[in-house]
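**Q** For the sequence shown, the UniProt record's numbering begins at 1 and goes up steadily by one.
One or more hints might be untrue.
As the list claims (entries may be wrong) - Per label pair, the in silico range of CB-to-CB distance:
#1 R40 <-> R190: 40 to 46 angstroms
#2 G225 <-> Q43: 41 to 47 angstroms
#3 Q89 <-> E217: 20 to 26 angstroms
#4 A90 <-> K51: 39 to 45 angstroms
#5 G28 <-> A189: 41 to 47 angstroms
Read the hints as simulated data drawn from the structure, not as lab findings.
No experiment lies behind these values; they were computed from the predicted model shown.
Don't be surprised by glycine CBs; every beta carbon is placed ideally from N, CA and C.
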Amino acid sequence: MGPAGGEARPGRFFGVYLLYCLNPRHRGRVYVGFTINPARRVQQHNAGRKKGGAWRTSGRGPWEMVLIVHGFPSAVAALRFEWAWQHPQASRRLAHVGPRLRGEASFAFHLRVLAHMLRAPPWERLPLTLRWLRADFRQDLCPPPPPHVPLAFGPLPPRAPAPRRRASPLVDTEKERDHDTEAFCTLCARVLQDEEGPLCCPHAGCSLRAHVICLAEEFLQEEPGQLLPLEGQCPGCKNSLLWGDLIWLCRMGTEEEEEDLELEEVRGGSAASFPTPPHLLGCL
Numbered sequence: 001m002g003p004a005g006g007e008a009r010p011g012r013f014f015g016v017y018l019l020y021c022l023n024p025r026h027r028g029r030v031y032v033g034f035t036i037n038p039a040r041r042v043q044q045h046n047a048g049r050k051k052g053g054a055w056r057t058s059g060r061g062p063w064e065m066v067l068i069v070h071g072f073p074s075a076v077a078a079l080r081f082e083w084a085w086q087h088p089q090a091s092r093r094l095a096h097v098g099p100r101l102r103g104e105a106s107f108a109f110h111l112r113v114l115a116h117m118l119r120a121p122p123w124e125r126l127p128l129t130l131r132w133l134r135a136d137f138r139q140d141l142c143p144p145p146p147p148h149v150p151l152a153f154g155p156l157p158p159r160a161p162a163p164r165r166r167a168s169p170l171v172d173t174e175k176e177r178d179h180d181t182e183a184f185c186t187l188c189a190r191v192l193q194d195e196e197g198p199l200c201c202p203h204a205g206c207s208l209r210a211h212v213i214c215l216a217e218e219f220l221q222e223e224p225g226q227l228l229p230l231e232g233q234c235p236g237c238k239n240s241l242l243w244g245d246l247i248w249l250c251r252m253g254t255e256e257e258e259e260d261l262e263l264e265e266v267r268g269g270s271a272a273s274f275p276t277p278p279h280l281l282g283c284l
C-alpha cells in the first residue's frame, strides 16, 4: 500500500499543527500553523516573534505542539488547509460546521472543526496522517477520520533529506535509460516530456511510467464521479498503490525550494498581518 503513518518518508514534509498554551495565565489557548519542520517551528514559537515565532504566540509561552496533520502533496495544499482551519466561518467548505458554542473550549472547538475538515472535500481524499504528538491530549474525533487516514502517535521519525534535483523513484529497474532514447507512457504510448514529471511505480522490477492524467483515469475507473484518486492497482506489477505516495515521490523538491518554504512558513505564522493570497482562495 505504501509507507505507514509511523514510517519516515523521503523528500518533502508539509504539516499543519495545533499548538496548546501551557502558560497558567493563558492556558487553554490554541494556535494553528503550517510547518515544514515541526521541531524547529515550536522552538520559534517559544522563542518569540523576533526569533521567527508568530505575534499571537509571542510572550505567551510555553507552547506545546500536541497535534499535526501531515502528508499534504504540496505546500499550497497545506496552506489552504491551515487557512480553513483558522477561519472555518469564512470557508465555504465548512458552512455546515456550527460556530464555537458557549462554554466550548477552544481546543475542543478546533478538534470539532478538524473532524469535519477531514470528511469534507477536497481534504477527504488527500493522503493525510493525523499524528498526536502528545498522547495525553488525544481525543476521539467526531466524525472519525476517513478509513485511509491513519492515526499516529509520538514524534515524527527522521526523514530522509530531499534530493538536490528531481530523481525518478526507479533507480534500479532500468539502469537509467539512454538520454537519447525517448520515454513513453505505459498507458497511452505517447512521449513523456521531461517537464511533465511522469509517475513511476516504486516497486522494484516494475517499469511503469505514466502521465499523471493517464494513471489518474486508470485508478478512477471504479470511481468515475471523482477527480482525485485515493489508490489503485499498478497496471504493470499489479501491486496496490496510494496516489499520495506516487505524487510525493514524483514531486520531491530541491534544497532551494526548502529555503523558500522556510520564508513561507514564517509568513504563515503571522497570517493575521497579511491578506489571504488570491491563489489560496479558490478552494477554501
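**Q** Next step is simple, just say for each hint if it's right about the structure.
**A** For each hint, the structure was consulted:
no.: 1; hint: R40 <-> R190: 40 to 46 angstroms; verdict: 43 angstroms, holds
no.: 2; hint: G225 <-> Q43: 41 to 47 angstroms; verdict: 45 angstroms, holds
no.: 3; hint: Q89 <-> E217: 20 to 26 angstroms; verdict: 37 angstroms, violated
no.: 4; hint: A90 <-> K51: 39 to 45 angstroms; verdict: 30 angstroms, violated
no.: 5; hint: G28 <-> A189: 41 to 47 angstroms; verdict: 60 angstroms, violated
In this structure, the hints that do not hold are numbers 3, 4, 5, in rising order.
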